[in-house]
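Peer 1: Sequence:
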Amino acid sequence: MNHLILTNRHHVLMYDDVFEGIYLNIHIIITPPYIFVIDSGLGAQTAQDINHIIHEYGNNQPIILINSHAHWDHVWGNAFIDSAWIVSHKRCLEVLKSDLVHDYETHKTYARGAVIPKYPNLTFDQTLIFEEAGIELGFAPGHTDNDIYVYDHFDHILNVGDNIGDTVEECIPYLETSQEIYVQSIKRYQSYDVKWVVSGHNEVVDASMFDKILDQLK
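For the sequence shown, the working numbering gives the first residue as 523, with consecutive numbering after it.
Keep in mind that the hints were calculated from the coordinates and are not lab data. Certain hints may be false.
[Claimed, not checked] Below 30 Å or equal to it, Euclidean Cα-Cα: the simulated DSS-like pairs (lysine-lysine) are: (1) K709 x K612; (2) K640 x K619; (3) K612 x K640; (4) K740 x K717; (5) K734 x K709; (6) K717 x K612; (7) K612 x K630; (8) K619 x K630; (9) K717 x K734; (10) K709 x K740; (11) K640 x K630.
It should be emphasised that the depicted structure is a prediction, and the values quoted were computed from it without experimental measurement.
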């Protein structure tokens, strides 16, 4: 696991030993009012790494855990992070309640430690803003019908979940929605002033990735 510090606020834990040739990323944003954790990984051991960063760099702020979407490799650690809220799109909660237990039975060889289902307790439809922290969450479907992004208005860093591909070369993800819907989400990302893009599996890239995606989709 590599610990990448992008700014004083932004930490990315990058696991290169889960899937062959790609990362599994956990993104932690430490702000004065809250600590935001984007995705919880594969179980209790992943959560232990997250909690270590929180304790080392935080100052006892309330923790807000964000599930970027409902796929299993992003949510199995939910129960092991002491968060005041678990936030997701409202559709993500529906999918998790339907699929989480079945997904565990199918993919449990990937678990890192114990896995206990724990579901979001704060959902939204289009946007959710934590103004004092400078953090905005928004709905941007594409890879799934429940993807969200997280944008830091202060540091200009955007987390897009799995809405870009898993490698720099393969920049378009598998789409469970239509290409038209996905393009709308990419164009929404382009409306922000973005310095760095963090995702679920890729390297940290800059906003030129969005131009590359749109060019390949033409």
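Peer 1: All hints, please: hold or fail.
Peer 2: Hint check:
1. K709 x K612: holds (22 Å)
2. K640 x K619: Within the cut-off at roughly 9 Å; holds.
3. K612 x K640: At roughly 15 Å apart (the allowed maximum being 30 Å), K640 and K612 satisfy the hint.
4. K740 x K717: Since the Cα atoms of K740 and K717 sit roughly 25 Å apart, the hinted pair holds (cutoff 30 Å).
5. K734 x K709: Since the Cα atoms of K734 and K709 sit roughly 12 Å apart, the hinted pair holds (cutoff 30 Å).
6. K717 x K612: holds (28 Å)
7. K612 x K630: Holds - the C-alpha atoms of K630 and K612 are around 25 Å apart, at most 30 Å.
8. K619 x K630: Holds, because 17 Å separates the two Cα atoms, which is no more than 30 Å.
9. K717 x K734: It holds: about 16 Å lies between the C-alpha atoms, which stays within 30 Å.
10. K709 x K740: The given pair, whose Cα atoms are some 14 Å apart, holds under the 30 Å limit.
11. K640 x K630: holds (16 Å)
No hint from the list above goes unmet by this structure.
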